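Please arrange chain B on chain A, whose structure you already have, making use of the hints.
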Amino acid sequence: MADNSKPSEAVPLLPYLILFSQSLLSYRLPELDSIALVTNVPLVRPPDELCNLQSACMVVHLRGDEDARKLGSRGVLVKSIYELYGLGKTYDELHIDVQASRSRWAKYVPDASYALDILAPNHSVPRERWAETLKGFGYLSLSGRVDLKNPDVRLVTVEDYPPKAANVGVKAFNDLRFRNVFFGRKVCDGQRDLIKKFDVKKRRYFGNTSMEAEISILMANQALAGPGKLHYDPFAGTGSMLYLSAHFGSYVFGSDLDGRQMRGQAGADRIKHPKAGDGGISAAAESYRLQNRFIDLLTADVTRVGWRRGGILDGIITDPPYGVRAGAKRLGLAPGAVVPPNLKPTSFPPIQDYALPSLASDLLLTAFHLLRPGGRLVYFLPTVNDEYQPTDVPEHPGMRLVANSIQDFGKWARRLITMEKKRDMEGVEEADEEELIAAMRRLKADWEEAEMGKPEAARSVSHQDFRVKYFNRFTPVAR
Amino acid sequence: MKAVARRKSKSRTLSNLRISPRPRNLYVAAHPRSSNADLFFAFLLQSLFVPRYLSMVRLITHNLLTCAVKGCVGSGRNFPLQFKNVQLEIREAEFNPAFLRNFFNKLDWPALISSLRELGDTSLPDTRPELSADENEAQEEFLKLLHRALLELSVKEGEMVCQNCGHVYPIRDGIPNMLLAAHEV
Numbered sequence: 001m002a003d004n005s006k007p008s009e010a011v012p013l014l015p016y017l018i019l020f021s022q023s024l025l026s027y028r029l030p031e032l033d034s035i036a037l038v039t040n041v042p043l044v045r046p047p048d049e050l051c052n053l054q055s056a057c058m059v060v061h062l063r064g065d066e067d068a069r070k071l072g073s074r075g076v077l078v079k080s081i082y083e084l085y086g087l088g089k090t091y092d093e094l095h096i097d098v099q100a101s102r103s104r105w106a107k108y109v110p111d112a113s114y115a116l117d118i119l120a121p122n123h124s125v126p127r128e129r130w131a132e133t134l135k136g137f138g139y140l141s142l143s144g145r146v147d148l149k150n151p152d153v154r155l156v157t158v159e160d161y162p163p164k165a166a167n168v169g170v171k172a173f174n175d176l177r178f179r180n181v182f183f184g185r186k187v188c189d190g191q192r193d194l195i196k197k198f199d200v201k202k203r204r205y206f207g208n209t210s211m212e213a214e215i216s217i218l219m220a221n222q223a224l225a226g227p228g229k230l231h232y233d234p235f236a237g238t239g240s241m242l243y244l245s246a247h248f249g250s251y252v253f254g255s256d257l258d259g260r261q262m263r264g265q266a267g268a269d270r271i272k273h274p275k276a277g278d279g280g281i282s283a284a285a286e287s288y289r290l291q292n293r294f295i296d297l298l299t300a301d302v303t304r305v306g307w308r309r310g311g312i313l314d315g316i317i318t319d320p321p322y323g324v325r326a327g328a329k330r331l332g333l334a335p336g337a338v339v340p341p342n343l344k345p346t347s348f349p350p351i352q353d354y355a356l357p358s359l360a361s362d363l364l365l366t367a368f369h370l371l372r373p374g375g376r377l378v379y380f381l382p383t384v385n386d387e388y389q390p391t392d393v394p395e396h397p398g399m400r401l402v403a404n405s406i407q408d409f410g411k412w413a414r415r416l417i418t419m420e421k422k423r424d425m426e427g428v429e430e431a432d433e434e435e436l437i438a439a440m441r442r443l444k445a446d447w448e449e450a451e452m453g454k455p456e457a458a459r460s461v462s463h464q465d466f467r468v469k470y471f472n473r474f475t476p477v478a479r
Numbered sequence: 001m002k003a004v005a006r007r008k009s010k011s012r013t014l015s016n017l018r019i020s021p022r023p024r025n026l027y028v029a030a031h032p033r034s035s036n037a038d039l040f041f042a043f044l045l046q047s048l049f050v051p052r053y054l055s056m057v058r059l060i061t062h063n064l065l066t067c068a069v070k071g072c073v074g075s076g077r078n079f080p081l082q083f084k085n086v087q088l089e090i091r092e093a094e095f096n097p098a099f100l101r102n103f104f105n106k107l108d109w110p111a112l113i114s115s116l117r118e119l120g121d122t123s124l125p126d127t128r129p130e131l132s133a134d135e136n137e138a139q140e141e142f143l144k145l146l147h148r149a150l151l152e153l154s155v156k157e158g159e160m161v162c163q164n165c166g167h168v169y170p171i172r173d174g175i176p177n178m179l180l181a182a183h184e185v
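If you read the protein sequences in the order shown, they are chains A and B.
Residue numbers for the first sequence follow the numbering used here, so the first one is 1 and each next one is one higher.
Residue numbers for the second sequence follow the numbering used here, so the first one is 1 and each next one is one higher.
Hints should not be assumed to be uniformly reliable.
Covered stretches of chain B (in silico footprint by chain A; criterion: 3 or more residues with CB under 8 Å from a CB of chain A, positions within the stretch not fixed) [what the hints assert, rightly or not]:
no. : region
1   : 63-71
2   : 83-96
3   : 102-115
4   : 175-185
Think of the hints as simulated: they come from the structure by calculation, not from any bench.
Everything numeric in this text was worked out from a predicted model, so none of it was measured.
Glycine included, every Cβ here is placed at the ideal spot set by N, Cα and C.
Okay, chain A solo, but in the shape it has when bound:
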């Protein structure tokens, strides 16, 4: 648990340009903040209101290349990072700015081998303009030789265009109508390659509920995965989030109501994807060489596990079942059922439906108990776009909301919620186990009342009866 509250040493900060991927825009700033936190990099970035997510470029201030590389080693939405030598609204402005920062690039002039590139996200620069643009940098007077493959310095000019208008036909029309142009030296790439490495279709074991790689990486970053930390996925399923947390260094734990899915056993056809291999989570962990960080897998109902104490986890990272592709279930008798008197111990445990609002609140309660102060809960909440309001996200007085990022599917969306247990909650997690279970039962009873359609019940959240809404294609029901 690194302490970020060191008094800031007066180190002069340098400007760096981060080039981001242009999808999953609402995940960009939360990921950037999380990776800065987990790598202990003091990052100065523009405030949220001034960040234009439509632009792939962001200027930040860092202490130096080492910090930039640390960010690059974690960020999956980061394409590349450059030390910024100049920027401007036109090339003329840019050249003035770059010449003004000569002291920072002068050391490469005498003998560094170099390559000079032009990048233009959202646009392609016409060939005819390349030579002319690059000639404009003549004042750099680089004396080393040109090496396009493996240069000592890769100098890049980035033209930042607004998103392509729908009816733009001719490339040349838009050319040079950029918002800004930047020039800098490439320091590192981001982690886009991880997406290929953890591609679900290439995984040794996966199912139809496996979380896609890019999102799993984002979740692991939001949960601040790292060496020496302990992370838990209470709805592990095929283990997607576990692999990524382990990849970044955490020890991982998983549990699931269905042990067969974790073991990769034959069973219901929908558990294992027909193209996947055998061996369950273990085999996939071994194929990624991460098995040494997998502590244990348990077949368990997350709300009915007797944890001896709380405050043990650094992160809970999960994608709970919404009841659509995976039934949301928990232990318990169906309403009105009675336990038959001569039940043998090896009978199948009773399973009841688990309504999503209950699941979300239970998850929050469990997280509050099990996390250490500063620990993070990262989970997906499905929402119906027409009905969603920010207050739908469950709250807890001991946890604060860090991020709420949306992945929009049209009529519905899923939101990645990041919550952090407040740091002044030391000692509270040792609350009596009985009290905690009683509190959870009370909360559950409240929700059950609401579901029975009592008129006094609070306005229902958009993820209420999510499964029903999903199969009704989200057409509003006349009441």
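Just chain B, lined up with the frame of chain A:
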């Protein structure tokens, strides 16, 4: 890398417990300076070892689990769960001293020791030692023993039984089943 067929382990449980020493799985991480020859040789070696299910329950998990059956909570006797008919294995885990130091105060030491004794292991002392902040050789040695006990000793098959209500939590292929029956919920 093609999957090699997994050899199912033969269980030869004696009346109560059996420690079966198995060869450690060799997973060679590529070192930045390893040559192509090294990697090839490591790859060859590795294909001789058969991948198998991750063998767990590790003692760190066992140290955190109590019986959640209705009535057991608050009885004072639902922890630790007692091991029975155990098939033990040593399974490599990544060594992280910082993690161990952090976790040390959250451990229930008496429970850890009683489980170790149940499994026939005497590597750790009865009384909880002091973990000082300095990093000397003795500390390092102790942490290595703690690491082995907490993270590398694992129960592949067997049972965990509640001392209070007698509920049996079976362990199959290293995965314990913590689900409860209808009347226990």
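Here is how each hint holds up against the structure:
no.: 1; hint: 63-71; result: holds (count 6)
no.: 2; hint: 83-96; result: holds (count 4)
no.: 3; hint: 102-115; result: holds (count 4)
no.: 4; hint: 175-185; result: holds (count 10)
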